[in-house]
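Asker: Once you've looked at the hints, go ahead and assemble the two chains, each given alone in its own frame, into the complex.
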Amino acid sequence: MIERTRIVLPRKLQDEIVAHARESAPRECCGLLFGDGEVVDRLVRGRNVHPTPETRYEIDPAQLRKALLSGDDSDRYLVGIYHSHPATKPEPSFTDVTSARWPAQVYVLTSLQSDPPKVFAYRITNGEAKKIPIVES
Amino acid sequence: MPVTVRLPGALREATGGETKLTTSGGTLRDVIAEIDRRHPGFAARVLDEAGALRSYVNVYIGEDDARTRGGSGAAVPDGSEVMVIPAMAGGGG
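The listed protein sequences derive, respectively, from chains L and H. Throughout, the working numbering is defined as the position within the first sequence, counted from one, plus 8. Throughout, the working numbering is defined as the position within the second sequence, counted from one, plus 1.
It is possible that some hints are incorrect.
Computed beta-carbon distance windows for the label pairs [to be verified]: (1) H:D31 - L:K126: 47 to 53 Å; (2) L:T13 - H:G80: 38 to 44 Å; (3) H:K21 - L:T103: 26 to 32 Å; (4) H:G26 - L:P59: 23 to 29 Å; (5) H:P3 - L:A27: 41 to 47 Å; (6) L:P141 - H:T28: 44 to 50 Å.
Okay, the calculated bits of chain L under chain H, using three or more residues with CB under 8 Å as the criterion [what the hints assert, rightly or not]: (7) 46 to 52; (8) 56 to 62; (9) 95 to 102.
Simulated from the structure, these hints should not be mistaken for laboratory data. Just so you know, even glycine gets a beta-carbon here, dropped at the ideal spot from N, CA and C.
The following block holds chain H by itself, in its conformation from the complex (with noise of 0.2 Å):
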C-alpha cells in the first residue's frame, strides 16, 4: 500500500494545489525526495540545507510526531499517512 500524504495550508502551493498525494514509503527524507522529483521546490520548503525538518514545518506519520521518531530519517511504512503541517504561529511581539 501506498503512502499518504496529506498538505493542508500553504505547503500546497508547492504542489500545484494538490493535497493529497501518495508515495512510495522508506524514510521521510525518501518520501519528500519522491515528492520533490514531481514537484520541484518542495523539499526546500519543508527541509534546511542540513535536510532537517523547518522549525515551523510539523509532520506527523500516523499519531506520531516524525521529530519523536528521528526527524526526517524517521521510517515510513506503506499505508502510513503522512501530515505535514505549516505551524499555526505568530504574535504581537
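Chain L with its partners taken away, still in its complex shape (with noise of 0.2 Å):
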C-alpha cells in the first residue's frame, strides 16, 4: 500500500475544491483526486448521495465504479477524497474516522466556517486521523 506523507495539490484544484463546497453549501460536497503517487493534477466531482447530505457525504459508487475502472487498483493514480464540511471545523469528525475505508488515499476537507475556507489533508488509518503537509506545486 502506497504510504503518502504528503500531497502535492496546486492552487487551481484547491480553489476549485472550495468552489465546489460553496456552490453544494448547506450540503456537502464531494469528489475524487487523480494523478499519480503523491501529486495531484485532475479532479472529478462527486456526486453526494447520502439522505442527508447536509452533515454526511457517500459518493455515487456507480461513479466511483466507473472511476475506478480506469485504474490498475494499485492506489497509485487515485491519490485523494475531498469534502466539505459546511458548517463545522476542517478537521475530520468522528464519522469521517469511523467511515474510512480508503487507507491508502489523502483525505482532503475544507470547511465554510471560515472565510476564505482553507483545505487541509489527513491521512485517515486504523481509526486515527492524522494530518498532513499540502504542497502546492
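Answerer: As C-alpha cells, then:
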C-alpha cells in the first residue's frame, strides 16, 4: 500500500474544491483527486448520494466504479478524496474517521466556517486521523 | 472462464494485499465464500450476520449493482467481473 506523507495539490485545484463547497452549501460536496503517487493533477466532482447531505456524504458508488475502472487498483492514480464541512471545523469528524475505508488515499477537507475557506489534508488509518502537509507544486 | 473479483480500497487488507482474485461462478455469496476460504475473515467484512451485504459495501457484477439483482444471492455467471467497493463516505455531522 502506498504510504503518502504529503500531497501535492496545486492552488488552482484547491480553489476548485472551495468553489465546489460553496456551490454545494448547505450540503456537503465530495469528489475524487487523481494524479500519480502524491501529486494531484485532476479533480472529478462527485455526486453526494447520502440521504442527509447537509451533514454527511457518500460518493455515488456507480460514479466511483466508473472512475476506478480506468485505474489498475494499485492506489497510485487515485490520490485522494475530498469533501466539505459546511458548518463544522475542517477536521475529520468522528463520522469521517469511523467511515474511512480508503487507507491509501489522502482525505482532503475544507470548511466554510472560515472565510476564505482553507484546505487541509489527512491520512485516516486504523481509526486515527493524521494531518499531512499540502504542497502547492 | 473464472470470475474476476477486484478489490479497491481497504478490503485488500483482508486478502493479504491481493487486489484481483479469480473464483468460480455461482451466487455472490458463493464467490465471497470462496474468497473467505482462502482469506478467512473476508466474508465478515462484506456480509453481515444475516448474510446480507453490509451497508458500507457496494458490489457490482459487471455494470449492475448487486443490490438490484438480489444482493448476496445475485447470480454471478462464469466470466463475470465483480468489483467490491467500500463506500467512500463520511461527513461533518
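Asker: Look at each hint and say if it fits the structure.
Answerer: Structure-based check of all given hints:
{"no.": "1", "hint": "H:D31 - L:K126: 47 to 53 Å", "result": "holds (49 Å)"}
{"no.": "2", "hint": "L:T13 - H:G80: 38 to 44 Å", "result": "holds (41 Å)"}
{"no.": "3", "hint": "H:K21 - L:T103: 26 to 32 Å", "result": "holds (31 Å)"}
{"no.": "4", "hint": "H:G26 - L:P59: 23 to 29 Å", "result": "violated (34 Å)"}
{"no.": "5", "hint": "H:P3 - L:A27: 41 to 47 Å", "result": "holds (45 Å)"}
{"no.": "6", "hint": "L:P141 - H:T28: 44 to 50 Å", "result": "holds (47 Å)"}
{"no.": "7", "hint": "46 to 52", "result": "violated (count 0)"}
{"no.": "8", "hint": "56 to 62", "result": "holds (count 3)"}
{"no.": "9", "hint": "95 to 102", "result": "holds (count 5)"}
Checked against the numbered hints given earlier, the structure breaks hints 4, 7 and satisfies all the rest.
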